[in-house]
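Respectively, the protein sequence lines represent chains A, B and C. Residues in the first sequence are numbered from 0 upward in steps of one, following numbering that gives the first Met the number 0. Residues in the second sequence are numbered from 0 upward in steps of one, following numbering that gives the first Met the number 0. Residues in the third sequence are numbered from 0 upward in steps of one, following numbering that gives the first Met the number 0.
Hints are supplied without guarantee of correctness; some may be wrong.
As the list claims (entries may be wrong) - Rough simulated footprint, nothing fancy, chain C against chain A, three-plus residues with beta-carbon under 8 Å:
1) 98-111
2) 115-128
3) 201-213
4) 223-235
To be clear, the hints were calculated from the coordinates, so they are not data collected in a lab. Given the structure is predicted, the values throughout are model-derived calculations rather than measurements. All C-beta atoms, glycine included, are put in the ideal place defined by N, C-alpha and C.
Given next are the chains, with one letter for each unit.
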Amino acid sequence: MRNAGFILSIAGFAVLVAAALLAPILAPHLPSEPVYQPYAPPGIGGLLGADSLGRDMLSRILYGLRYTLGIALLVSVLAAGAGVTLAFLAAFRRGWTDLLIGRLIDAVMSVPQIIFALVVLAVAGVSLTTLVLTMAVLEATLFYRVVRPVAGDIVAMDYVEVARLRGEGLGWYLFREILPNAAPTLIAEFGIRIAYAVLFISGLSFLGVGVQPPAADLGGLVRENALAISVGQLSPLAPAVCIALITLSVNGIVDWFIHKYSIRAELG
Amino acid sequence: MATFVLQIENLGIQAKRSTILEGISFDVTPGEIFGIIGESGAGKSTLAMATVGLLRAGCRRVAGSVRLAGKSLLDLSQADLERTRRRKVSYVAQSAAACFNPFYRLGEQVTELAALELGKSRAERQRLAADLFRELQLPDPERFGDRYPHQVSGGQLQRAMIAMALLNEPELIIFDEPTTALDVTTQLEVLRLIRKVVKGRGCGSIYISHDLAVVSQLADRVMVLRHGKVVEMGPTRDLIENPQAGYTRDLVANQTTTSSVPDPAASRPIVSVENLAAGYGRVSAIRDISLDLSSGHITCLVGESGSGKTTLARTIAGLVDLHAGVLRFKGSELPGRVERRDSETRRRLQYIHQLPDLALNPRQTIREVVGRPLAKFRGLRGAAAEHRLRELLRDVELPETFLDRVPGSLSGGQKQRVCIARALAAEPDVLICDEVTSALDPLVEESVIKLLLRLMKARPLTMLFITHNLALTRRFAHEVVVMQQGRIVEAGPASSVFSAPREAYTKKLLDSTPLMERGWLEARL
Amino acid sequence: MLASATHRPAPIRDFVVSRVVSGLVSLVLITALVFVGTALLPGDTAGALLGQNATPAALEALRRDLGLDQPLVQRYLVWLAGALRGDFGTSLASGRAVSEVLLPRLANSLLLAGAGAVFLLPIAIGGGILAAIWQGSWFDRLIGFTSMLFLAMPAFLVGYILIYVFAVRLGWFPSMSVAPFAGGTRAWAQILTLPVISLVIIGQAHTMKLTRTAILSVLASDYVLMAEIKGISRRRIILRHALPNALSPILSISILTIAYLIVDVVVIEIVFSYPGLGKLMVDSVAYRDLTVVQACGLLFALVFITMNFLADLLAMLVNPRQRVPARGAAA
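Construct all of the structure, not just a fragment, from the sequences and the given hints.
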């Protein structure tokens, strides 16, 4: 049962990633090119119909996938780097460093993520850079929250004390004692955060503060075409369903991984 | 039928793949204390649970029956089973702190069944609880029940649980390692009370323990359990004085070896501590500590939990903040923190932790674990290191094939041997052993101690051995240091501390450590 | 409560004081961040408002009007003092007082979130408790499956599916909330139904999962096993032994659910064009109406921080271990 879910998830995720990578080959039209009547229904206007400007929906989704996956991945990598480094630093140094980092993270986390993003993006203006950086900072706090206790547990282990008594350097601690033991949790958390980042960027774009037109990620596509739903067209839901498929498949893989390595389920 | 409160016949219990219990048969008569002894993994807990008709998730009965007060427990309907448990049997578990509901006051919990079964009013229940608390010598029995579990000490909680077990006037009480988590002096108090209340009531009881001495003092008959099977069963005195099975003989022999060490030749101190105070943060956990470790001797540091013995050991190792005093190693002063000691000093002072599970990185093979100090301290790599690794493994009596295994696949005793090998790899002058055998089963403990003593003979080692078990040290200590509440109470050559202890506390510790000899507990009632 | 000793430690009071202080620090930090961020930007609000063709004189005048010519710290303190009195300045886009724009929207959002919570909490917490008690049953597995599904869905997908089915296809409800708000209870119900259902569907998965985990951990505890050994019935074990101990986590979960609900409200308001605080904030971001964005952000943060504080405080109050100080046990 769990294995079936895992295979399905892996397959689904592979298909989505392949679709994003091969978008220029797979897409029947350019995403910016009006080729049909506005709001042409599926069949008449391509496989998934056309949008308000007559652009091919399928092509726009394939290109939108690149934005969504690309941004989510980039954000997660940056956030993991920052969050994990801070967490290990805090666990290791303890004292003032720990307190300061902890308080700062608490302050950022005490505001809902999306609200924080809205405020910062309103002030800084929306660009791909500000978007990715803002999201990365917010995601990094979540990485920190999960990794800090894990790192703390490991640092408190007697085998780390043995290394301390032996006089090992920082590199040995990090790469020989701590990281190998934290790796499963880190990998699982990374998966969870990717799924979350996909929902996050989609939400921001849906609200209009994400990827800016004429480019569009999946959330942006939903925003652009939302009106079509009121007139009974289902095709605007296609990008939304696509988002759900990404998160479902990533969660499926993470779920399998967590069970395989029996990681405590306090993540996320 | 009525002559037995409990009859277990040919009981077999299996988990998914493994057999947990097989062919267990015994019975308990009214007024009898039936002892069950066994090491970890023997199936004691599963048997205890089965006695009240409980099988853990994933376990199933494959044979036999459990008859309590004439009822076949494992065949009863849920409602009948619950009624039988409420009326006929009680259970006293090891971890009283976890077994009391943190949400309710002790009085309410202890008398819960009185309300359910007998419809007692609140006032009646309070009186009932007060009587039981008084019988168990709890402080302020009228008001003790108003406290929450987290407000009383471990020993008191254990007594409250015994009170709860007595409430329904059961025909059978099961004591599942009720004193294992307690200090020796507290243990003695609880053992006295158990003996008094059980004998006074005439109910049958089962006493489960890993400690043969404790069981021998309480039980009328004893069953030895190992790997889920009965090794031997019989009246306590017969079993102890004339054990039949090899395993039982080993257990008994382990308790009775009382060779005392001759007074050692005088030698120079290798580590000396003067007027030391130390602790975490600003509060000193230990103070006024002066102590010498004589070169080539075994110094045993003894005390109950919270006495500061581990703090002292860790201070010498350089893991605790030094607040006052001086620490010397071979005459020169040692910095308090290990980070400020040079590599050579770190090599010469090796520390072995209590729990090998935590002291071994689960992701490193034994080769990496033991190989690292070889490379770090002695610069050994490649073939030379490999050769030395094999020697070290042989020294701690482990097969060379273990080199490529990870700690997870080893038993507790084997893991501790790996830790010893890691310490020896540094070729230390001083070995600090912090409760290194406390987590091990008695026979494994014995073999690890023998190993340590053999290693001591083979090389010029000085050892500081920390333990809560004073009796254990009788066999090998050259010097004994007794600690209480962060201070040294008594220190001196082992022979004089054991034969003529000066301090009342030392006497009490010695007196509280259970022995197997007949009448030991009676003499202390 | 126990007869009190003279110098009893007061864990609750200490907790309240420290959390109120750290909450205020967070709020100050956030508002300061916005202020500094704005100041560091190339060009300023005045420039953004007037566009690229503004004359220097017009810019200067607007700056003076907005108080932008004063030092940053002073501007911040003036704003902070105003905010404490409920005065958030004037909207850059409409010129009206921010509080005047804000208040009706806040009321609308509270109504939506409140209605959502009323349905969401009993359903999600009840479901989570039952799933834990019937662990492994078809009900538990169904809950597990739907949780997985809804956790993966973006909030707007749920909203649009509901619109498509119930508004467009069946025509039972309006697809947008633009109908006049003065239409009485029936009109309100019409407008609120779909957004509330969306909120319930989106929010329940997480809450249900957390509740289930909390109950399961209590059921796995030694004192529940002990009650079983004592012969207490299953029903009594769950009601009297397990649930009281789960109360503290469940209270936390409930309040955190409300906090998250307030965030979900932002997206749902956009989906249904519901005139609430979230929509106001998002619209203001589009116009770069920073005074309004700032006030909205502050309000959301205030609610969120208060909720988190309440969650921890309540959880503490129902837990004897934290409510009643441990005493050095008598010998």
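Against the structure, the hints come out as follows:
Beta-carbon proximity to chain C at under 8 Å applies to 6 residues in the segment 98-111 of chain A; the threshold of 3 is reached and the given coverage holds. Coverage of the segment 115-128 of chain A by chain C holds. Counting CB-CB distances below 8 Å, 9 residues qualify, and the rule asks for three or more. Note: the segment 201-213 of chain A has 6 residues with beta-carbon separation from chain C under 8 Å; the three-residue rule is met and the coverage holds. Interface restraint, the segment 223-235 of chain A with chain C: holds (7 residues with C-beta to C-beta distance below 8 Å; minimum three).
Going down the numbered hints, you'll see the structure goes against none, and every one checks out.
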